[in-house]
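Respectively, the protein sequence lines represent chains H and R.
Note that the first sequence covers residues 1306 to 1497 in the working numbering.
Note that the second sequence covers residues 922 to 1208 in the working numbering.
A hint or two may mislead.
Examples of chain R residues toward chain H, derived with CB under 10 angstroms [what the hints assert, rightly or not]:
| id | residue |
| --- | --- |
| 1 | Met997 |
| 2 | Leu1082 |
| 3 | Ala1141 |
| 4 | Ala1143 |
| 5 | Phe1148 |
| 6 | Asp1159 |
Calculated lysine to aspartate or glutamate pairs in the DMTMM-like style (CA-CA distance at most 25 angstroms, straight line) [claimed, not checked]:
| id | chain 1 | residue 1 | chain 2 | residue 2 |
| --- | --- | --- | --- | --- |
| 7 | H | Lys1449 | H | Asp1373 |
| 8 | H | Lys1381 | R | Asp1146 |
| 9 | H | Lys1381 | H | Glu1480 |
| 10 | H | Lys1360 | H | Asp1394 |
| 11 | H | Lys1432 | H | Glu1391 |
| 12 | H | Lys1381 | H | Asp1394 |
| 13 | H | Lys1449 | R | Asp1159 |
| 14 | H | Lys1432 | R | Glu1164 |
| 15 | H | Lys1432 | H | Asp1356 |
| 16 | H | Lys1360 | H | Glu1391 |
| 17 | H | Lys1449 | H | Asp1394 |
| 18 | H | Lys1381 | H | Glu1491 |
| 19 | H | Lys1449 | R | Asp923 |
| 20 | H | Lys1381 | H | Asp1481 |
| 21 | H | Lys1449 | R | Glu929 |
| 22 | H | Lys1381 | R | Asp1149 |
| 23 | H | Lys1432 | R | Glu938 |
| 24 | H | Lys1360 | H | Asp1339 |
| 25 | H | Lys1449 | H | Glu1480 |
| 26 | H | Lys1432 | H | Glu1491 |
| 27 | H | Lys1449 | H | Glu1435 |
| 28 | H | Lys1432 | H | Asp1404 |
| 29 | H | Lys1381 | H | Glu1391 |
| 30 | H | Lys1449 | R | Asp1144 |
If you're looking for bench data, these hints aren't it; they were derived computationally from the structure.
Virtual Cβ for every residue (Gly too), placed ideally from N, Cα, C.
Each chain is listed here by its residues.
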Amino acid sequence: MRRSLILGTALALAACGSHDAGWHAKDVSGLLPDLEFRMTAAGGGAVSAADYRGKVVLLFFGYTNCPDVCPTTLAKLAAARAAMREHRDAVQVLFVTVDPARDTLARLAQYVAAFGPGMTGLRGDDKALEALVRRYRVAYSRDKPDAHGEYAVSHSGGVFVFDATGRARLLVRPEDAAPEIAADLERLAAGG
Amino acid sequence: MDLSAAREAAAFLLPWEFSPAAFLLCVGAVALYLAGLSRLPRAERPHGARTLAFLLGWGLVYFVMQTRYDYLSQHMFFVHRIQHLVLHHMGPFLVALSAPLPVLARGLPAGFAERYLRPLWRHPVTRAAYRVLQNAIVAPALFVGLIFFWLEPPVHFEAMLSAPRYALMNWSMLLDGVLFWAMLFDPRTREQGAPVGLGLRVWVALLCIPPQIWIGAHIALADRDLFDVYAICGRVWDFTAREDQGIGGVIIWIPAAMMHVAAALILIGRWMRADRDRASPPKCAAA
């Protein structure tokens, strides 16, 4: 009985989780906890999730020395934001560095500014970063430094999207294109 | 070993996400067993190999659920497959093989089993559930069905993203594993009250092999990323999706299927012994 109950519950959960009511990105409503963090914004001092209530927040993990995933993803998010007709200013990209040792606040600020407006770099101490990656079940790992002390960091490629109330709503996958992301953001910013 | 390596090893053994239920289950089962063992007269104690199987079974389950190993399982597909191999196959297999009930019963306070467990066990609801689940049709269907269910790509995606669903997945595998192998390795014969006879149990063990080979091979040989959640949330090691899936699929394909072959061989051995004993009843009916 217990077993069939578990299976039944699992089936019911799966059924209500897979409603993708016309979103392009993956609908993750109810799967992930609300946005919460305490970090330092590049060029903005201490910030927390509450400072971004009222905005559609795109949370992305990366580092400024990243050779591929980060620049392409940030460029795509910038293009999606630029493609929005209304509500563009209601969209905020938060780029959290997983390499705080090399990514200083100044460097982060300069990096995100290169991609366009509406982007903020975030840097936290080990504890704050650990709490955030744990919360969103994200992994990253630093490779061994080479002879010049340079190293790569492998990390997640998804972008977590939160609505104006801070609830986790969408997960943008690497294959989602800018026009689709723009359409999703427009709908989310309009209260969809 | 220098100090930092020791500290790192100790950190690995701490739970990634502490689960009071998993802790109580593993530690409680072992404590109860050891208490029972200490109360049993030396002559009635089970063979050392049985005790070892019981402790190893729960030790493995604890390791994959309540150490940093759990973190690796959340971020590498093949590590996750080994985790399920332990939760659904190895751990419960070893525990069931140790036939621990007489020892566990001795570990309980005197009269506890008679007063609380027996009425619960004899309750019509328990009996009905037992009959529905522990038979030669539902048990293997559920065993294989659960493997397929959690490996359905959209279901797997959400289980890896949502903490409660992840817990549900692992608990469903562990509980189903315990039920399945307990039915297969029931020390009683059909005449003594086991729900399924020995010959039929051999068949049940073997019946579960082809679907697991099929899904294991299907995943191992897939030429696209079936489980993109690992790319989206990040892998711990620098593996491509196909490498990760290749190893993960082979784990379902070979070791998981092999456990069923091992179970079938053990059961055939018992079956032959039971047959021989029936032909010439042993003078001393011990064990």
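Checked against the structure, which of the hints given earlier come out wrong?
-> Result: hints 3, 4, 5, 11, 14, 17, 25, 26 and 30 break, sorted rising.
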